[in-house]
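Colleague: Generate coordinates for the entire structure from the input sequences, incorporating the hints supplied.
Number of protein chains: 2
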Amino acid sequence: MNQPDTNTAPLPRPRGRPRGFEPQQALDAAVRVFWSEGYDGAAISRLSRDMGMPKASLYQEFGDKEGLFLAAIGRYVETRLSTVAQALGPSGTLKADLDRFFEAVVTLATSDPATPGCLISCVLADAAGSNARLRKELDARFAALESRLRSRIEVGRMEIAGAESPAVTAILLASVARGLMLRARAGTDGGTLQEVGRAAVNLVVRSGKD
Amino acid sequence: MNQPDTNTAPLPRPRGRPRGFEPQQALDAAVRVFWSEGYDGAAISRLSRDMGMPKASLYQEFGDKEGLFLAAIGRYVETRLSTVAQALGPSGTLKADLDRFFEAVVTLATSDPATPGCLISCVLADAAGSNARLRKELDARFAALESRLRSRIEVGRMEIAGAESPAVTAILLASVARGLMLRARAGTDGGTLQEVGRAAVNLVVRSGKD
DNA sequence: CAATTTATGAAACGATTGTTCTGTAAATAA
DNA sequence: TTATTTACAGAACAATCGTTTCATAAATTG
Numbered sequence: 456m457n458q459p460d461t462n463t464a465p466l467p468r469p470r471g472r473p474r475g476f477e478p479q480q481a482l483d484a485a486v487r488v489f490w491s492e493g494y495d496g497a498a499i500s501r502l503s504r505d506m507g508m509p510k511a512s513l514y515q516e517f518g519d520k521e522g523l524f525l526a527a528i529g530r531y532v533e534t535r536l537s538t539v540a541q542a543l544g545p546s547g548t549l550k551a552d553l554d555r556f557f558e559a560v561v562t563l564a565t566s567d568p569a570t571p572g573c574l575i576s577c578v579l580a581d582a583a584g585s586n587a588r589l590r591k592e593l594d595a596r597f598a599a600l601e602s603r604l605r606s607r608i609e610v611g612r613m614e615i616a617g618a619e620s621p622a623v624t625a626i627l628l629a630s631v632a633r634g635l636m637l638r639a640r641a642g643t644d645g646g647t648l649q650e651v652g653r654a655a656v657n658l659v660v661r662s663g664k665d
Numbered sequence: 456m457n458q459p460d461t462n463t464a465p466l467p468r469p470r471g472r473p474r475g476f477e478p479q480q481a482l483d484a485a486v487r488v489f490w491s492e493g494y495d496g497a498a499i500s501r502l503s504r505d506m507g508m509p510k511a512s513l514y515q516e517f518g519d520k521e522g523l524f525l526a527a528i529g530r531y532v533e534t535r536l537s538t539v540a541q542a543l544g545p546s547g548t549l550k551a552d553l554d555r556f557f558e559a560v561v562t563l564a565t566s567d568p569a570t571p572g573c574l575i576s577c578v579l580a581d582a583a584g585s586n587a588r589l590r591k592e593l594d595a596r597f598a599a600l601e602s603r604l605r606s607r608i609e610v611g612r613m614e615i616a617g618a619e620s621p622a623v624t625a626i627l628l629a630s631v632a633r634g635l636m637l638r639a640r641a642g643t644d645g646g647t648l649q650e651v652g653r654a655a656v657n658l659v660v661r662s663g664k665d
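Sequences listed follow chains P and G, in order. Residue numbers are given in our numbering: position 26 of the first sequence equals residue 481, and the series is strictly consecutive. Residue numbers are given in our numbering: position 155 of the second sequence equals residue 610, and the series is strictly consecutive.
FYI, nobody ran anything at the bench for these hints, they're computed from the structure. Keep in mind the model is a prediction, meaning the values are calculated, not measured. Some clues are possibly wrong.
Copies of one chain are not kept apart here, so a pair can be met inside one copy or by any two copies together.
To be verified - Straight-line alpha carbon distances no greater than 25 Å define the calculated SDA-like cross-link-like pairs of lysine to any residue that follow: (1) K591 with T647; (2) K591 with R530; (3) K591 with E650; (4) K550 with S620; (5) K550 with T562; (6) K591 with G645; (7) K520 with G475; (8) K550 with R535; (9) K591 with G518; (10) K550 with G645; (11) K510 with S500; (12) K510 with D495; (13) K591 with V532; (14) K591 with A569; (15) K550 with S662; (16) K591 with G646.
Modeller: Next up, the structure:
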């Protein structure tokens, strides 16, 4: 019955020469390079250098540039977009949670001047223009955020203004969030964008005088 | 007093060999290539071929790839975004004009499956990540649309719901429009996006029961 | 006609692209 | 130790990149 600590036990060293890079740190570096340079603009040499990972290991691990890009997007969703999704709670009123959501969106898009905007909305969206696989990926990532928003809105359905369905309201709020990410790509300061986010929430959530 | 028709007179042929391409058609072709392939993804050879313009003439005319891209953006604004701006009127109620605005936005972003989304919001936005000149261009193009929206909103100021300023409301509506363009890049059909546009208008414009 | 001017088409440029190969280093297994 | 396995660093690859050059074509001017 007493199961040995299969998960926490230090794994026995694998067979050959140990890798000289940290897989997660390497992916984080790839995220930053793609985020600022774009998909076509990010050269493998630059990625290899910034990731601290030799090209051979890079191709061994990810297959090709597209595979590396998709892995970087996955890492970005886990480490960056997760904070945005978590902000939605539910942990308060719909208004409070949506305010936190837009605050997280703007922070993500403006906190590092070297990587303005959003890896998905600015970089993947561009690459999706002529690459069917990446277009599918874009659609799936977009749908995931909208689904998350719709769930939260359905929980607080009675708090929303107007007669729109939760599904449409979710796409609308997701569109505002993406528009703010785009605006951040142009260098707009976070304060202005926060104000716009609050305005969106005020219009969507039922106000006192209704 | 009777001014000769300086504008309509057939211009005397210029000195040397006549050019073998139509400048406007050539730029239209460049718009399409950048729109689908992205800035880095659009190869000069491909641009030269599709524009029907030899590389030498291309460099003579635009200086370099960045100059050609900026010219293509100007052409795109004149020939495509102008219909979006014109839809704003004023030619009816604020609600009617905003509905026409979003209808034009969605049509622009979905009418040709080879060029989904928006050249500015999807392509220029990506390129703006690591190029200061293009980031400035993106900011200027974004600001121009917001200014146009703000003017229209100020004219119909009494028709808007909520307490937000015309400036903030303009950025909010511009953000929704750009979010819809992004969604179109992923292949979403126009009908869904039209619905979201109408929802945005319904929330921003004062409704009967207020 | 010859002289001049501009544009064309294609070759050529060096640099960089994404990707693969090669010899060696560093670990474990027998 | 020897054999085996994996990862390393960097050379090497053909292809393509953005850009320039150049001889020639096609027009006007004198």
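Colleague: Hints first: check each against the structure and report whether it holds.
Modeller: A quick look at each hint next to the structure:
1. K591 with T647: between (32 Å within a copy, 18 Å between copies)
2. K591 with R530: Intra 18 Å, inter 30 Å, cutoff 25 Å: intra-copy only.
3. K591 with E650: between (32 Å within a copy, 22 Å between copies)
4. K550 with S620: Intra 17 Å, inter 20 Å, cutoff 25 Å: intra and inter.
5. K550 with T562: Within one copy only: 18 Å inside a chain, 32 Å across chains, cut-off 25 Å.
6. K591 with G645: Answer is between; shortest inter-copy Cα gap is 17 Å, intra-copy 30 Å.
7. K520 with G475: within (21 Å within a copy, 39 Å between copies)
8. K550 with R535: Classified as within; 22 Å inside a copy, 37 Å across copies.
9. K591 with G518: Classified as within: same-chain Cα gap 19 Å, cross-chain 36 Å, threshold 25 Å.
10. K550 with G645: So K550 and G645 pass the 25 Å test inside one copy only (20 Å; across, 29 Å).
11. K510 with S500: within (8 Å within a copy, 29 Å between copies)
12. K510 with D495: both (17 Å within a copy, 22 Å between copies)
13. K591 with V532: Within one copy only: 16 Å inside a chain, 28 Å across chains, cut-off 25 Å.
14. K591 with A569: Classified as between; 15 Å across copies, 27 Å inside a copy.
15. K550 with S662: both (10 Å within a copy, 21 Å between copies)
16. K591 with G646: between (33 Å within a copy, 19 Å between copies)
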